[in-house]
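Asker: The residues making up each chain are set out below.
Number of protein chains: 2
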Amino acid sequence: MDFAEDLIMIGQRAKNAARKLAFTGTETKNKALLAMAQALLDNQDAILEANVLDITAAEEKGLKKSLINRLRLTSAGIADISNAIKEVVGLPDPVGGGELWKRPNGLVIQKTMVPLGVVAMIYEARPNVTVDAAALCLKSGNACILRGGSEAIESNKVLARVISEAAEQNGIPEGAIQLIPKTDRAYALQLMRMNKYIDVIIPRGGAGLIRTVVENSTVPVIETGTGVCHAYVDLDADYEKAVSVVFNAKTQKPGVCNALETLLVHEAVAEEYLPMIGKKFKAYGVEIRGCDRVRKILDYAVPATEEDWSTEYLDLIISVKVVNSIDEALDHIYTYSTKHSETIITENYTASQRFLNEIDAAAVYVNASTRFTDGGRFGFGAEIGISTQKLHARGPMALPELTTIKYIVYGNGHIVE
Amino acid sequence: MDFAEDLIMIGQRAKNAARKLAFTGTETKNKALLAMAQALLDNQDAILEANVLDITAAEEKGLKKSLINRLRLTSAGIADISNAIKEVVGLPDPVGGGELWKRPNGLVIQKTMVPLGVVAMIYEARPNVTVDAAALCLKSGNACILRGGSEAIESNKVLARVISEAAEQNGIPEGAIQLIPKTDRAYALQLMRMNKYIDVIIPRGGAGLIRTVVENSTVPVIETGTGVCHAYVDLDADYEKAVSVVFNAKTQKPGVCNALETLLVHEAVAEEYLPMIGKKFKAYGVEIRGCDRVRKILDYAVPATEEDWSTEYLDLIISVKVVNSIDEALDHIYTYSTKHSETIITENYTASQRFLNEIDAAAVYVNASTRFTDGGRFGFGAEIGISTQKLHARGPMALPELTTIKYIVYGNGHIVE
Numbered sequence: 285m286d287f288a289e290d291l292i293m294i295g296q297r298a299k300n301a302a303r304k305l306a307f308t309g310t311e312t313k314n315k316a317l318l319a320m321a322q323a324l325l326d327n328q329d330a331i332l333e334a335n336v337l338d339i340t341a342a343e344e345k346g347l348k349k350s351l352i353n354r355l356r357l358t359s360a361g362i363a364d365i366s367n368a369i370k371e372v373v374g375l376p377d378p379v380g381g382g383e384l385w386k387r388p389n390g391l392v393i394q395k396t397m398v399p400l401g402v403v404a405m406i407y408e409a410r411p412n413v414t415v416d417a418a419a420l421c422l423k424s425g426n427a428c429i430l431r432g433g434s435e436a437i438e439s440n441k442v443l444a445r446v447i448s449e450a451a452e453q454n455g456i457p458e459g460a461i462q463l464i465p466k467t468d469r470a471y472a473l474q475l476m477r478m479n480k481y482i483d484v485i486i487p488r489g490g491a492g493l494i495r496t497v498v499e500n501s502t503v504p505v506i507e508t509g510t511g512v513c514h515a516y517v518d519l520d521a522d523y524e525k526a527v528s529v530v531f532n533a534k535t536q537k538p539g540v541c542n543a544l545e546t547l548l549v550h551e552a553v554a555e556e557y558l559p560m561i562g563k564k565f566k567a568y569g570v571e572i573r574g575c576d577r578v579r580k581i582l583d584y585a586v587p588a589t590e591e592d593w594s595t596e597y598l599d600l601i602i603s604v605k606v607v608n609s610i611d612e613a614l615d616h617i618y619t620y621s622t623k624h625s626e627t628i629i630t631e632n633y634t635a636s637q638r639f640l641n642e643i644d645a646a647a648v649y650v651n652a653s654t655r656f657t658d659g660g661r662f663g664f665g666a667e668i669g670i671s672t673q674k675l676h677a678r679g680p681m682a683l684p685e686l687t688t689i690k691y692i693v694y695g696n697g698h699i700v701e
Numbered sequence: 285m286d287f288a289e290d291l292i293m294i295g296q297r298a299k300n301a302a303r304k305l306a307f308t309g310t311e312t313k314n315k316a317l318l319a320m321a322q323a324l325l326d327n328q329d330a331i332l333e334a335n336v337l338d339i340t341a342a343e344e345k346g347l348k349k350s351l352i353n354r355l356r357l358t359s360a361g362i363a364d365i366s367n368a369i370k371e372v373v374g375l376p377d378p379v380g381g382g383e384l385w386k387r388p389n390g391l392v393i394q395k396t397m398v399p400l401g402v403v404a405m406i407y408e409a410r411p412n413v414t415v416d417a418a419a420l421c422l423k424s425g426n427a428c429i430l431r432g433g434s435e436a437i438e439s440n441k442v443l444a445r446v447i448s449e450a451a452e453q454n455g456i457p458e459g460a461i462q463l464i465p466k467t468d469r470a471y472a473l474q475l476m477r478m479n480k481y482i483d484v485i486i487p488r489g490g491a492g493l494i495r496t497v498v499e500n501s502t503v504p505v506i507e508t509g510t511g512v513c514h515a516y517v518d519l520d521a522d523y524e525k526a527v528s529v530v531f532n533a534k535t536q537k538p539g540v541c542n543a544l545e546t547l548l549v550h551e552a553v554a555e556e557y558l559p560m561i562g563k564k565f566k567a568y569g570v571e572i573r574g575c576d577r578v579r580k581i582l583d584y585a586v587p588a589t590e591e592d593w594s595t596e597y598l599d600l601i602i603s604v605k606v607v608n609s610i611d612e613a614l615d616h617i618y619t620y621s622t623k624h625s626e627t628i629i630t631e632n633y634t635a636s637q638r639f640l641n642e643i644d645a646a647a648v649y650v651n652a653s654t655r656f657t658d659g660g661r662f663g664f665g666a667e668i669g670i671s672t673q674k675l676h677a678r679g680p681m682a683l684p685e686l687t688t689i690k691y692i693v694y695g696n697g698h699i700v701e
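In order, the protein sequences belong to chains E and F. Residues 285 to 701 in the working numbering are what the first sequence lists, from first letter to last. Residues 285 to 701 in the working numbering are what the second sequence lists, from first letter to last.
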């Protein structure tokens, strides 16, 4: 049997489910979410068994240890995933509500929020995304089609089966949560062109995955992720803040998109500041790739190439450049930024205002770590990704970003003159 | 010289302009808009001369009269276009403002609105779009790249030159308003892949143009326009409203996307209602394409084919079908709707609520004409298009839809633990 046709059927089922899900009440959705959370705990053995298959295959393929760690599930990990669903239960339902106004002719217009419809997620190794995405889509009334990476396919299949069964047994329409059981690239490409069935595709993963989706998808895409984040240490920086914020942004979790990749330092403070942060980086094993002026001050820095300025290392590496002025810093960020998160360290009012106004990014900071760009840390209670595009959503995306507008208009025989 | 390279330069100039325009104040933008409005009046002769070239070329090519009428500019038409700019001056600036909240750790987060950056508009015959789009983009702080149709190229060139010169003489950065002087398809396709320079593409025109942009663009697109709009006359309809609303929706301006294309009638009222509306349609020269049951009641109706149910006529033609129930009406609309505007005519509370809740469209109406789906009629003061997609904007788009989010975060040495 041809799987290309199966994929159309998955799309059709999702579309049918979405039609019903759009007016399924919050109580039903919450009850189903709680059942999903419980089902993960009840089926822990089956999930762990499937996960062993993925881990074994990954080890046989010789995958990197960091990747294998991302794949691995444990009892505690499953409990965390289950608890994450319970947190979604506690969040407000983004569907419904909205403003209402009356036009001079008596027509009443209500702008209300409705689900997007069918959301497809294309993601990589971590199996928890399967459950997180399904829970957020369900709470916002969307059907989801999940396409995880091949490394996690056995874990994903069991996770998706367990949660979709629990959902369907609790009033959620059949087809609301579906995993694509095949990870061939051809089917992912087919998915990206199924405009008839899918309302939006959200890719989550590395730069390569995101580029593939953006270049091939005719379905609207919400781009997430790539972050070449900068810190600029101004001539009026407080050194203590400059050391702790920059060190935190680079090292607290280097493998994520809001981690720092490039440090720009004003020439007036370079000789004092660079040795302070350099010493901390060196002790922590962070490789410094510096411009010529940095290397005159830090003899252990290796030379930065042009490519370094646009590289998202996601690792214990940082590119460092000395700049003549805030203008040079703004120009550098304008040229190399992926418009994710940028921070300035300064005590100067005008410098902070210029940075906040002139930098074009999802999040701009004064005297704080770029690592705060996160749905939870912003207070949204959840996160389905961090948008680095400008349409629809920008920055951390939570439940409201999974809805769209519907105008409801109450007339009484109104016609246009 | 290779125009492909010129197009890159246009993109670069727009990007440079957008960077400055993002923090150009409302007063400067309004002053420039007023100058643009005046410049159109001052340069009326040059505009009309150029328009004669377009009209002559169109007549020589034997274009349809309706299309030639859309191309034609007059003194009064130029005054209207000039006045439309003045109305944009009166609208609130969508840039800036927004909510602000404090996190438990003391971090203050501000969600503010900023321009999208560079907006490309791809449109067809009507030269007024050149000015409308430029004015709305300028007011919202966006640079614009305009690519109009070949039929209006001479008019568009003069219009764009006149308004961009007036803008630049009044504090607007060079390159903020640019028209692409060549209308070859190859350059339009190149534009659709200039992600480095363009933040969003908005196509305005027929279904063919919109499909081409959706299928070929890697730049994010806001889809506008196609409307296969339905009216469902319920068994509890008030006949008077049903006749006047349906007649209005079909005939008041048949060439636009919010005009009615399909009429569904409940079988219980078909024998009484169809002759009433049929008589009015017949007298007005509206062709009725009906299902078999319609044709038994209206012998002058021609047979509807399967294709008719998904056709946007934009003409004095309507497809008409008798349905057994509201469920059949909802199913029909679910199958054939382009999710633009749909209306129910009923006095029944439950039927109205089901229609409003279950129909998935940008605008759903009770007892009112679909022709109200319009930025001006909704009270938005302006309209850059009507979005029929779900991401970013849905329904009439005005100035706020030309902005995106920027999170500004005020810290005091905050780091992530």
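Just so you know, these hints were derived from the structure itself, not from any lab. Treat each hint with caution, since some may be false.
Identical copies carry no separate label here, and so any pair may be met within one copy or between two of them.
Said to hold, decoys possible - Under the rule of at most 35 Å between Cα atoms (straight-line distance), these lysine-lysine pairs were calculated in the DSBU-like manner: (1) K348 to K480; (2) K370 to K299; (3) K395 to K537; (4) K395 to K441; (5) K315 to K395; (6) K370 to K395; (7) K466 to K580; (8) K480 to K537; (9) K564 to K395; (10) K395 to K299; (11) K480 to K395; (12) K370 to K386; (13) K345 to K563; (14) K348 to K370; (15) K386 to K563; (16) K480 to K466; (17) K349 to K386; (18) K395 to K304; (19) K386 to K564; (20) K395 to K466.
Asker: It remains to establish, for every hint, whether it holds in the given structure.
Answerer: Verification of the hints:
1. K348 to K480: This pair counts as between: shortest inter-copy Cα distance 33 Å, intra-copy 38 Å.
2. K370 to K299: within (26 Å within a copy, 45 Å between copies)
3. K395 to K537: Between copies, since 25 Å is at most 35 Å while 41 Å is not.
4. K395 to K441: Result: close neither inside a copy nor across copies, 39 Å intra and 39 Å inter.
5. K315 to K395: both (28 Å within a copy, 33 Å between copies)
6. K370 to K395: Answer is both: 30 Å inside a copy and 27 Å across each meet the 35 Å cutoff.
7. K466 to K580: Neither way: K466 and K580 sit 53 Å apart in one copy and 52 Å across, limit 35 Å.
8. K480 to K537: between (40 Å within a copy, 29 Å between copies)
9. K564 to K395: between (53 Å within a copy, 34 Å between copies)
10. K395 to K299: Classified as both; 23 Å inside a copy, 33 Å across copies.
11. K480 to K395: both (25 Å within a copy, 34 Å between copies)
12. K370 to K386: Classified as between: cross-chain Cα gap 25 Å, same-chain 39 Å, threshold 35 Å.
13. K345 to K563: neither (38 Å within a copy, 75 Å between copies)
14. K348 to K370: For K348 and K370, only the intra-copy Cα distance (32 Å) is at most 35 Å; the inter-copy one is 62 Å.
15. K386 to K563: Only across copies: K386 and K563 sit 34 Å apart there, 64 Å inside one copy, limit 35 Å.
16. K480 to K466: Cα proximity of K480 and K466: in one copy and across copies (21 Å, 34 Å).
17. K349 to K386: neither (61 Å within a copy, 39 Å between copies)
18. K395 to K304: Both ways: K395 and K304 sit 21 Å apart in one copy and 33 Å across, limit 35 Å.
19. K386 to K564: between (62 Å within a copy, 31 Å between copies)
20. K395 to K466: neither (40 Å within a copy, 40 Å between copies)
The structure fails to meet hints 4, 7, 13, 17, 20 from the earlier list, while all remaining hints are met.
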